[in-house]
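Q: Going line by line, the protein sequences match chains A and B. Residue numbers for the first sequence follow our numbering, so the first one is 1 and each next one is one higher. Residue numbers for the second sequence follow our numbering, so the first one is 1 and each next one is one higher.
Mixed in with the good hints, there may be bad ones.
Said to hold, decoys possible - Only part of the chain A face toward chain B is listed, based on derived beta-carbon distances under 7 Å:
{"no.": "1", "residue": "N41"}
{"no.": "2", "residue": "A79"}
{"no.": "3", "residue": "S113"}
{"no.": "4", "residue": "M124"}
{"no.": "5", "residue": "V149"}
{"no.": "6", "residue": "K150"}
{"no.": "7", "residue": "L156"}
No wet-lab data here; the hints were simulated from the structure. For every residue, glycine included, the Cβ atom is placed at its ideal position computed from N, Cα and C.
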Amino acid sequence: MAKLVANDIPDGSYVNLGIGIPELIANYVPHGREVIIHTENGLLGVGPAPTPGTEDFDLINAGKKPITAIKGACFFHHADSFAMIRGGHLDFTILGAYQVSQNGDLANWSTGSPNDIPAVGGAMDLVQGVKNVFVIMSHTTKDGTPKIVKKCTYPLTGVAVVSRIYTDLAIIDVTNQGLKVIKLAPGIDKNTLINKTEADLIF
Amino acid sequence: MINKVFKTPKEAIADIFDGATIMIGGFGEAGSPIELIHALIDQGAKNLTIISNNAGSGHVGLAALLEHKRVKKIICSYPKTAFSEVFPDLYCNGEIELELVPQGTLAERIRCGGAGIPAFYTPTSVGTPLAEGKEIREIDGKFYVLEYALKADFSLVKAYQGDRYGNLIYYKTGRNFGPIMCMAAKVTIAQVNKIVEVGELDPEIIVTPNIFVHRVVEVANPLHEHVLVSQNKKYPWTE
């Protein structure tokens with residue numbers, strides 16, 4: 001999935017990567033493309049993961065993991081970082097999700113459970129400001145419950161903010177007409193996808 | 001003569017009072033002024049309101065300040081981090097108040113606090129539980145939430161180098177909230193790895209102008225939180 005997303009990001013793009021699977025996308029940028037990766041904690045120009053033994057814990061990503069900085073990178077403070085995010089300067093953000101609804105609502109910060117420690121980070125800023133919001137997630141939960149739904153039941157991160165969803169079963173665009181399937185994973189047919197999706201799909 | 005240099009973290013934080021509002025820099029451990037926080041634990045001020053992006057990890061630094069019940073309220077964006085045990089326990093037992101703020105809204109509230117802007121409209125959190133009860137305004141066909149500036153009695157930040165005027169430069173992603181927190185407090189206290197002579201820092205690359213900084217203290221080899229956490233250390237040190 002990370003490789004598919006990386007393939008869809010054009011040369012010259014400014015991209016913010018969320019915590020988890022999205023972090024892997026940096027490893028799959030096709031050869032010959034220059035993509036500048038932004039991390040919300042104050043760096044444009046995230047490089048490959050450091051080799052063991054060279055980690056610098058003052059040089060970390062949003063997930064607080066050690067990273068490296070490419071040549072030409074720059075550091076900045078948090079208000080500037082979120083001016084880049086909110087101000088519409090970034091081309092793509094790639095985020096994980098608990099649920100996406102058929103009009104592009106995103107729920108990715110809280111399950112709403114009383115035992116859940118609420119934590120939001122930069123997700124609500126990213127979905128409002130970045131030009132294209134891509135979600136990368138498993139198509140269903142581990143017990144098979146659909147994550148692409150008519151209406152999110154978990155607390156929202158943003159309303160009508162998602163542009164595209166990448167799952168293990170399909171790539172789906174959020175359009176004004178609804179959720180449009182643009183690609184099926186190898187071995188997955190239309191009916192399988194419909195059965196594993198609560199929301200309506202357009203083929 | 002202007003000399004904002006203090007000899008020790010203990011002297012630099014000595015007048016922090018019970019009930020104070022304190023901004024603490026850092027994103028995780030990067031930029032977290034751990035020696036200033038430990039001095040604050042030793043000093044004993046309590047009933048504090050803390051403004052910080054996270055809520056600490058392990059049993060050192062900010063997590064230790066919470067563990068010693070010095071904090072009544074924390075304003076932050078992401079209080080759960082790998083190895084954060086103290087905050088979840090306090091929160092689940094109702095022993096600490098949490099104001100959860102989206103990270104960009106937190107940064108802008110702090111920036112505005114330092115810049116004389118009392119409030120601002122932002123698209124962040126519109127239509128979510130974090131906008132409930134807040135004023136919503138439509139501007140040019142889009143909806144925005146009214147958010148108020150944050151100010152503090154003290155800011156504790158970590159920078160890389162500083163001089164006796166209070167000019168600061170930072171180190172890599174340790175910069176994060178430092179520059180804006182310096183602007184938003186009545187008294188800003190910076191720990192730096194090295195104090196240099198006035199004039200040594202290139203005026204073209206100074207990140208925090210000295211007017212925003214009131215006290216500077218050198219901590220030449222600051223502790224690393226991830227090392228302390230991996231060794232299961234607790235502050236105050238027991239051995």
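Q: Each of the hints needs a verdict: does it hold here or not?
A: Hints, one by one, checked against the model:
Taking 7 Å as the C-beta cut-off, the interface hint given for A/N41 holds, the closest approach to chain B being about 4 Å. The restraint placing A/A79 at the interface with chain B holds, with a minimum CB-CB distance near 4 Å, inside the 7 Å limit. At its closest, the beta carbon of A/S113 sits 12 Å from a beta carbon of chain B; the interface hint therefore is violated under the 7 Å criterion. At a threshold of 7 Å, the smallest CB-CB gap from A/M124 to chain B is about 4 Å, leaving the interface hint in force.
With 7 Å as the threshold, the beta carbon of A/V149 stays out of range of chain B, its nearest partner Cβ sitting at about 16 Å, so the hint is violated. Because the beta carbon of A/K150 sits about 17 Å from the nearest beta carbon in chain B, more than 7 Å, this interface hint is broken. A hinted interface residue such as A/L156 counts as satisfied when its beta carbon comes closer than 7 Å to some beta carbon of chain B; here the least separation is about 5 Å, so the hint holds.
Figure legend: structure checked against the earlier numbered hints; hints not met, in rising order: 3, 5 and 6.
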